[in-house]
Amino acid sequence: MSDWGMQKAALAERLTAGGQHAEGKTVPIANLPAFLRAVIRSGDRVCLEGDNQKQADILASALANLDPQDVHDLHMVQSGVVLPAHLDIFDKGIARRLDFSYSGPQAARIARMLFGRKIELGAVHTYLELFARYFIDLTPNVALIAAVSADKDGNLYTGPNTEDTPTVVEATSYKNGLVVAQVTEIVDKVPRVDIPGDLVHFVVEAGRPFYVEPLFTRDPAAITETQILTAMLAIKGIYAPYGVRRLNHGIGFNTAAIELLLPTYGERLGLKGKICTHFALNPHPTIIPAIESGWVDQIHCFGSEVGMEDYVAARSDVFFTGPDGSLRSNRAFCQTAGLYACDMFIGSTLQIDLEGHSSTVTTSRIAGFGGAPNMGSDPRGRRHPSEPWLKAGAEADPDSNAALRRGRKLVVQIGETFGERNAPLFVERLDALDLARELKLDLAPVMVYSDDVTHIVTEEGIANLLMCRSKDEREQAIRGVAGYTDIGRARDAKLVEQLRQRGVIQRPEDLGIDPLDADRRLLAARSIKDLMLASGGLYRPPSRFRNW
Amino acid sequence: MEKLSFRLTAPRCASGTRTQAIVGVVASGNLEVLLERVSPADMCTIDIATAAHGFGTVWDAVVRDFVARRSAGGLRISINDGGARPDTVALRLAQGVRKIEEPER
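Line by line, the protein sequences give chains A and B. Note that the first sequence covers residues 1 to 548 in this note's numbering. Note that the second sequence covers residues 549 to 653 in this note's numbering.
None of these hints come from the bench; they were simulated from the model. Beta carbons: idealized from backbone N, C-alpha and C, even for Gly. Some hints could be false.
[Claimed, not checked] Restricting the straight-line Cα-Cα distance to at most 20 Å, the calculated cross-link-like pairs of lysine to any residue (SDA-like) are: (1) K529/A <-> A314/A; (2) K494/A <-> R612/B; (3) K494/A <-> D519/A; (4) K647/B <-> K494/A; (5) K647/B <-> H75/A; (6) K494/A <-> D613/B; (7) K647/B <-> A314/A; (8) K647/B <-> D519/A.
[Unchecked claim] Computed, partial: chain A to chain B, Cβ under 8 Å: (9) T226; (10) R491; (11) D492; (12) D514.
The task is simple: from the sequences and hints, build the whole structure.
Below, the structure is given as structure tokens:
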């Protein structure tokens, strides 16, 4: 049995090698290149913490500056590919294989590198799916993570952006992997212990905060009247009739418009307390007016948002906060909450086909998924009833035994029929299919599958796909809200009218929505400054959003 | 500038008594719509001046849907378009007929 304990022995070797460049657990930043060369082995599986927002940027640059002669063939397993350095690692030949979830700002470059065979792609995951694989077949040998502060023992304080860190550390450290943290500063006592020190092997004092992307700030000044109309349709045509209280909002101007219509339009419809009381949601600045007017009981967050820290800390009745007062976010838990404890996901997409599959991949951009496919899917393991879930289940399958019938999660795709640069939202064929063929992928990267989506909302109306009884009806329901895109204009007008008579398609006029209400004056805040004022000055917008 | 004209039979007459209404603004991606109650009750005429060339078939579809879905009889509608998307055009037209049926303030 002398072979047992090999992983512990390998970790001990790394600890000894790394220790030569450290003082206790502390690695002076000048030693970082030599330290990384000592602890990382060619072929390692490495999690370089790139979350949706928080980035271990110092460690990323240091890794990208290694010599590929010393370290090569790394397998990167990280949820976010966000910084240029994340891809430099592949360009230089330090890493070869990639499993990831989201690549927002690097979407165009990652596409070029995949086509150029610079990256060997494992798969594009949802967050929860990648986290799950950290514990089964993608367990990191080394995790390079980010936190706000550490003490001498390695106890870490992450501040509001805890995000993926507990999950990454759990999977790495308890399976004999090495955990290295970059922190802004080393202190005598951390404000709260987010990660226990005995799981953290080395700490690098960066001397400056890690990079955070303000991903969830949408300026109300850029919300259009069409988006307001679409938001009114969603509130009156979906939120109200299903009584959706527990939900997740995706990122984008359509959901920002919904958030800003709750205290005005929602109030007028008498919906306060009946919808939107519990969220799995990042702290969107546009949710401030709804919170301030008493709409929202509780919000659990995946991550934080730049500038929202003081506001969140002052609203601990709504948000989850620690003994230090600041937000505690946790992406894995919040994704689980979004999957199992929410009755609706609503978000935008780039392309929807005639079956209702949707994708954010275009042939020149691979943005990945993030959390949308997880929250935008029907959880087959759900067993607790709720009014919206049961109602949606009954609409999909009215004739079966109610006590044996699964409910359905409401999965809503919302957008204008023409998106950025007049690209049509509706297409005959997803670009994702061409990409899959070109890259010889087994699966086309589909964000929300056709059998999960329940409603599509555009400015032309709502298509309720739960009530479609055939493939043909489904196609015409989609064409029937596709506006003046080629897909929309090729509709069978008679069939679409029949679907409207049955309530499968609902137009603004069917719901008594006055087009004159589609006016920016209906927004509870019309600028970032309005949001700041609504927060009583607690929200501190990043400088790039300050235009006054 | 491309000019397009439509003269369509309208199934429903615009309600209210206001003689004219204006909605929207002339701006890039936006449009101004002037509605005047001067046509025969079963007709709607629409004159478009647009900065974007070559979209005649889309305009045709948008204005025909509008006249079929909304109460537009009796109106002469003049559109000054700054290259608005069809969804914006449809919204402005819907806002215009709602505005002309409102009482004068």
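Fill in: Pair hint outcome, K647/B versus H75/A [Cα-Cα no greater than 20 Å]
Violated: K647/B and H75/A sit about 62 Å apart, past 20 Å.
Fill in: Hint validity - R491/A Cβ closer than 8 Å to any chain B Cβ
violated (11 Å)
Discussion item. Need the status of pair K647/B, D519/A: alpha-carbon distance at most 20 Å?
Written reply: holds (13 Å)
Worksheet item: Is the Cα-Cα distance between K494/A and D519/A 20 Å or less?
Response: Distance ~32 Å between K494/A and D519/A Cα, so the pair is violated.
Worksheet item: How about T226/A: closest beta carbon in chain B under 8 Å, or not?
Response: Holds, because the Cβ-Cβ distance from T226/A to chain B comes to roughly 5 Å (cut-off 8 Å).
Practice prompt. Take the C-alpha atoms of K494/A and D613/B, compute the straight-line distance between them, and say whether it is at most 20 Å.
Written response: holds (14 Å)
Discussion item. What's the verdict on K494/A and R612/B, does the C-alpha distance respect the 20 Å limit or exceed it?
Written reply: holds (16 Å)
Discussion item. Please verify whether K529/A and A314/A have alpha carbons no more than 20 Å apart.
Written reply: holds (19 Å)
Worksheet item: Is it true that the CA of K647/B sits at most 20 Å from the CA of K494/A?
Response: violated (30 Å)
Worksheet entry | Hint consistency between K647/B and A314/A [alpha-carbon to alpha-carbon, up to 20 Å] | violated (44 Å)
Worksheet item: Does the interface hint hold: is D514/A within less than 8 Å of chain B, judged Cβ to Cβ?
Response: Hint on D514/A: holds, closest Cβ of chain B at ~6 Å, below 8 Å.
Practice prompt. Have a go at the D492/A hint: is there a Cβ in chain B nearer than 8 Å to its own Cβ?
Written response: violated (15 Å)
Of the numbered hints listed earlier, those contradicted by the structure are 3, 4, 5, 7, 10 and 11.
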